[in-house]
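Residue numbers (the numbering used here), protein chains in the order written: chain F, 1 to 308; chain U, 1 to 311.
Be careful, since some hints might not be right.
Straight-line Cα separation of at most 20 Å, SDA-like style, residue types lysine to any residue; simulated pairs [to be verified]:
1) U:Lys300 x F:Ser96
2) F:Lys85 x U:Ile288
3) U:Lys164 x U:Thr4
4) U:Lys300 x F:Val94
5) F:Lys302 x F:Ala175
6) U:Lys164 x U:Ala177
7) F:Lys37 x F:Ile97
8) F:Lys85 x U:Val285
9) F:Lys37 x F:Gly82
10) F:Lys37 x U:Glu180
11) U:Lys300 x F:Thr167
12) F:Lys37 x U:Ile288
13) U:Lys164 x U:Pro6
14) U:Lys145 x U:Gly219
15) U:Lys164 x F:Ile97
16) F:Lys181 x F:Thr167
17) U:Lys300 x F:Asn199
18) F:Lys37 x U:Gly105
19) U:Lys300 x F:Arg93
20) F:Lys37 x U:Asp181
21) F:Lys85 x U:Ile284
22) F:Lys85 x U:Phe289
23) U:Lys300 x F:Val91
24) F:Lys37 x U:Pro106
25) F:Lys85 x U:Ile281
26) F:Lys181 x F:Asn199
27) F:Lys37 x U:Gln182
28) F:Lys181 x F:Ala192
29) U:Lys300 x U:Ile284
30) U:Lys300 x F:Ala192
31) F:Lys37 x U:Arg102
32) U:Lys145 x U:His27
It should be emphasised that the hints constitute simulated quantities derived from the structure, not laboratory data.
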Amino acid sequence: MWVKLEVLLQTLLSGVYLGGLYALIGIGMTLILGVMKIINLTHGQLMMVAMYIAFWLFEILHIDPYVTLFIAPPLLFIFGMGLQKWLIDPVLRVESILPHNQVILTVGIGMVLTNVATIAFTGNYRSTPVDYASKAYYLTDLWRNAPIELSFSLPWTVSFVLAVAITTALWYFLAKTDTGKSIRATAQDRDAALLMGVNVGRMRMITFGLGSALVAAAGCLFLPIYYLFPSLGSQFTLIAFVITILGGMGSTMGAIVGGLILGIFESVTATYIGMGWAPVGRFVVFIAALVFLPGGVASLLKRRSYVK
Amino acid sequence: MKRTIPFIALAILLALPLLGLSSYAMHVLILAVMWSVSGMAWNLLGGYCGQVSFGHAAFFGMGAYCAGLLSHHFQASPWYGFLLSIPVVAALALIMGLLVLRLRGPYFVLATLAIGEVMRVTAENLVPLTQGNLGLMIRRTWVDKTAYYYIILALGLMTYAIIKILTESRWGYYFVAIREDQDAAESLGIDTTLYKTIALTISAVLTGFSGAFYMNYMGYIDPQVVFSLGDISILTIMVVMVGGVATFWGPTVGSLIMVLLAEVIRSIPQLETAYQTLFGILLIVIIIFLPNGLVGDLHKITRLFKKGAHA
Numbered sequence: 001m002w003v004k005l006e007v008l009l010q011t012l013l014s015g016v017y018l019g020g021l022y023a024l025i026g027i028g029m030t031l032i033l034g035v036m037k038i039i040n041l042t043h044g045q046l047m048m049v050a051m052y053i054a055f056w057l058f059e060i061l062h063i064d065p066y067v068t069l070f071i072a073p074p075l076l077f078i079f080g081m082g083l084q085k086w087l088i089d090p091v092l093r094v095e096s097i098l099p100h101n102q103v104i105l106t107v108g109i110g111m112v113l114t115n116v117a118t119i120a121f122t123g124n125y126r127s128t129p130v131d132y133a134s135k136a137y138y139l140t141d142l143w144r145n146a147p148i149e150l151s152f153s154l155p156w157t158v159s160f161v162l163a164v165a166i167t168t169a170l171w172y173f174l175a176k177t178d179t180g181k182s183i184r185a186t187a188q189d190r191d192a193a194l195l196m197g198v199n200v201g202r203m204r205m206i207t208f209g210l211g212s213a214l215v216a217a218a219g220c221l222f223l224p225i226y227y228l229f230p231s232l233g234s235q236f237t238l239i240a241f242v243i244t245i246l247g248g249m250g251s252t253m254g255a256i257v258g259g260l261i262l263g264i265f266e267s268v269t270a271t272y273i274g275m276g277w278a279p280v281g282r283f284v285v286f287i288a289a290l291v292f293l294p295g296g297v298a299s300l301l302k303r304r305s306y307v308k
Numbered sequence: 001m002k003r004t005i006p007f008i009a010l011a012i013l014l015a016l017p018l019l020g021l022s023s024y025a026m027h028v029l030i031l032a033v034m035w036s037v038s039g040m041a042w043n044l045l046g047g048y049c050g051q052v053s054f055g056h057a058a059f060f061g062m063g064a065y066c067a068g069l070l071s072h073h074f075q076a077s078p079w080y081g082f083l084l085s086i087p088v089v090a091a092l093a094l095i096m097g098l099l100v101l102r103l104r105g106p107y108f109v110l111a112t113l114a115i116g117e118v119m120r121v122t123a124e125n126l127v128p129l130t131q132g133n134l135g136l137m138i139r140r141t142w143v144d145k146t147a148y149y150y151i152i153l154a155l156g157l158m159t160y161a162i163i164k165i166l167t168e169s170r171w172g173y174y175f176v177a178i179r180e181d182q183d184a185a186e187s188l189g190i191d192t193t194l195y196k197t198i199a200l201t202i203s204a205v206l207t208g209f210s211g212a213f214y215m216n217y218m219g220y221i222d223p224q225v226v227f228s229l230g231d232i233s234i235l236t237i238m239v240v241m242v243g244g245v246a247t248f249w250g251p252t253v254g255s256l257i258m259v260l261l262a263e264v265i266r267s268i269p270q271l272e273t274a275y276q277t278l279f280g281i282l283l284i285v286i287i288i289f290l291p292n293g294l295v296g297d298l299h300k301i302t303r304l305f306k307k308g309a310h311a
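So that you can see chain F by itself, here it is in the shape it has in the complex (with noise of 0.2 Å):
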């Protein structure tokens, strides 16, 4: 009986920090989609970029994939930038049959990318070896006469802790600040802030930046617990449209909330079903979400505290 409780609270438990990091990739896709109206199928790609930067500069300058959080992402928030501005943008222009050039543009993108990092860097498969990436913590270290054993791995905890201090400085950022609110504003309505005075053009080169550098950080968080190939971007592109599905479009709110449903649902699929089985989960939400709450949990939340 215990040990069943045990086996299902660490299920949890991993469920949930896997679920912070989840949220932070589902979040800048939710950004972009909000304020482009386009998906970004090249997100998880972006990562994948992030993470080569990460392990580059662990590998030869010895620098901490922590440490790469003041690296990275700023980069890409550059690269993000130069994506929107030179390839993304021009396409919103062009008249064309199809609705949905920018998304198989950024299709596009995400194959030179994937392939270019195999050219670079090989196919291997690659793994950090800090030196911190089997400690673990217990909570019998904490609480002597506990019924259960719970474990807390190091980097797992950091990774998640950072996570949701990201969140929350992206949350002030929005809510706070002149450009977050411009940024909120174009998403709202795109012509309304155009005429408020917003600057449309550069609040989305920034928001598809932000998008980027946020993805960055989730892969400088991600690399010390998870092991980093090229062609692991597309892996997460997916996970993160499944997240702005069950989060709502748009929403930042949902996004979190859909990145911890995902992340437990995936670790208890691999708990209890098998490993293998945990994508088919991943999509079982992802169709469940499409079908019984298609507005996502952005339209739970609305639903409380609508005002229009």
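Given the coordinates of chain F, assemble chain U onto it according to the supplied hints.
Relative to chain F, chain U alone:
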């Protein structure tokens, strides 16, 4: 003159194997025709009906597995896969339509993408049925490629005829109306969900044929190949994007270009590993400069040359 061009093209296509082309050239031709079948099928849903699907690998792979599993479990000829694939793929398309066709725009793109991936992961994990990542191997019917060429050519012609008849019928106009403005179409009394489902199902079954042919022709499949997002779903989109969205000849032109390009790139050792990069760059360039593809923006290209001649 214009009316005779298709017949001349057809005669050339029929006569090609008689020229004694090498086995490799035949292989390239067969692949080009196979991809044009997939492309035309995708074009019906994506180009005419405006529902961009990122999950056509689901149908392609389903068709391929129909053929492969028949042969693997029942020792039947894999060619019966074509017959089996009709109800199976149509059922998959109907279920998928039920789930995703009430969604619009980005939702639809994401949902189809997800279903393609679900199919792949399921095929990987249902080891007793599909042998998982080990894949399925069958004995090919012929060693010589000529028979395969005529079969896929017939399939291509059939697909072309179906698309042509459909898009020039009343249904075709419904499809285009849905693409241009779904609400307007709905308010004019078009049952948009019904017609989107029709387009999806026909598109799916044709893609399934392409997959069933792939199994018969290649003799080996595994989930990573036939349910691949990059190599099937996105390549199908690329074939149509390069050739021309919502044009009759676009997918054929596109598939010829893409298959030739892929072969050329793969034959140059220095470029071999970079083929995805080149494909990606091609896709980006096409989207920025020729968003309606080579056939769709032909007037743009000719105008460019004319302007050059004047100056």
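Hint by hint, here is what the structure shows:
Proposed proximity of U:Lys300 and F:Ser96 is supported: the alpha carbons are some 13 Å apart, at most 20 Å. Of the supplied pair hints, the one linking F:Lys85 and U:Ile288 holds, its CA atoms being roughly 13 Å apart against a limit of 20 Å. Restraint check for U:Lys164 and U:Thr4: the C-alpha separation of about 17 Å stays at or below 20 Å, so the hint holds. In summary, the hint linking U:Lys300 to F:Val94 is supported, as the alpha carbons are separated by about 13 Å, within the 20 Å threshold.
The suggested pairing of F:Lys302 with F:Ala175 holds, with an alpha-carbon distance near 17 Å, which does not exceed 20 Å. Among the hinted pairs, U:Lys164 with U:Ala177 is consistent with the structure: their alpha-carbon atoms are about 17 Å apart, no more than 20 Å. At roughly 17 Å between alpha-carbon atoms, F:Lys37 and F:Ile97 fall within 20 Å of each other, so this suggested pair holds. Proximity of F:Lys85 to U:Val285 is assessed by CA-CA distance (about 15 Å); at most 20 Å being required, the pair is judged to hold.
With a CA separation close to 18 Å, the supplied pair F:Lys37 and F:Gly82 stays within the 20 Å bound. Restraint check: the Cα-Cα separation between F:Lys37 and U:Glu180 comes to about 18 Å, which is no more than 20 Å; the hinted pair holds. As the CA atoms of U:Lys300 and F:Thr167 are separated by approximately 47 Å, the hinted pair breaks the 20 Å bound. This hinted pair checks out: F:Lys37 and U:Ile288 have alpha carbons roughly 18 Å apart, not beyond 20 Å.
Note on U:Lys164 and U:Pro6: the hinted pairing holds, with a Cα-Cα distance of about 13 Å set against a maximum of 20 Å. Distance check on the hinted pair: U:Lys145 and U:Gly219 sit about 13 Å apart at the alpha-carbon level, within 20 Å; holds. With a CA separation close to 19 Å, the supplied pair U:Lys164 and F:Ile97 stays within the 20 Å bound. Distance check on the hinted pair: F:Lys181 and F:Thr167 sit about 16 Å apart at the alpha-carbon level, within 20 Å; holds.
Annotation: proposed proximity of U:Lys300 to F:Asn199 is violated, straight-line Cα distance about 33 Å (limit 20 Å). Pair hint F:Lys37 plus U:Gly105 holds up; C-alpha atoms about 10 Å apart against a cutoff of 20 Å. Distance hint between U:Lys300 and F:Arg93 is fulfilled; the C-alpha atoms sit about 17 Å from each other, no more than 20 Å. Straight-line distance between C-alpha atoms of F:Lys37 and U:Asp181 comes to about 18 Å, which keeps the hinted pair within the 20 Å bound.
For a cut-off of 20 Å, the pair hint linking F:Lys85 to U:Ile284 stands: about 14 Å separates their Cα positions. For the hint linking F:Lys85 to U:Phe289, the alpha-carbon distance of about 16 Å falls within 20 Å, and the restraint holds. In summary, the hint linking U:Lys300 to F:Val91 is supported, as the alpha carbons are separated by about 17 Å, within the 20 Å threshold. A C-alpha spacing of about 8 Å is found between F:Lys37 and U:Pro106, which places the hinted pair at or below 20 Å, so the restraint holds.
Our distance criterion of 20 Å between C-alpha atoms is met by F:Lys85 and U:Ile281, whose separation comes to about 17 Å. For the given pair, F:Lys181 sits about 12 Å from F:Asn199 by alpha-carbon distance, which is consistent with the 20 Å threshold. Taking the CA atoms of F:Lys37 and U:Gln182, the gap is near 18 Å; set against the 20 Å cutoff, the hint holds. Proximity of F:Lys181 to F:Ala192 is assessed by CA-CA distance (about 13 Å); at most 20 Å being required, the pair is judged to hold.
In summary, the hint linking U:Lys300 to U:Ile284 is supported, as the alpha carbons are separated by about 18 Å, within the 20 Å threshold. Pair hint U:Lys300 plus F:Ala192 does not hold up; C-alpha atoms about 35 Å apart against a cutoff of 20 Å. Of the supplied pair hints, the one linking F:Lys37 and U:Arg102 holds, its CA atoms being roughly 19 Å apart against a limit of 20 Å. As the CA atoms of U:Lys145 and U:His27 are separated by approximately 7 Å, the hinted pair is consistent with the 20 Å bound.
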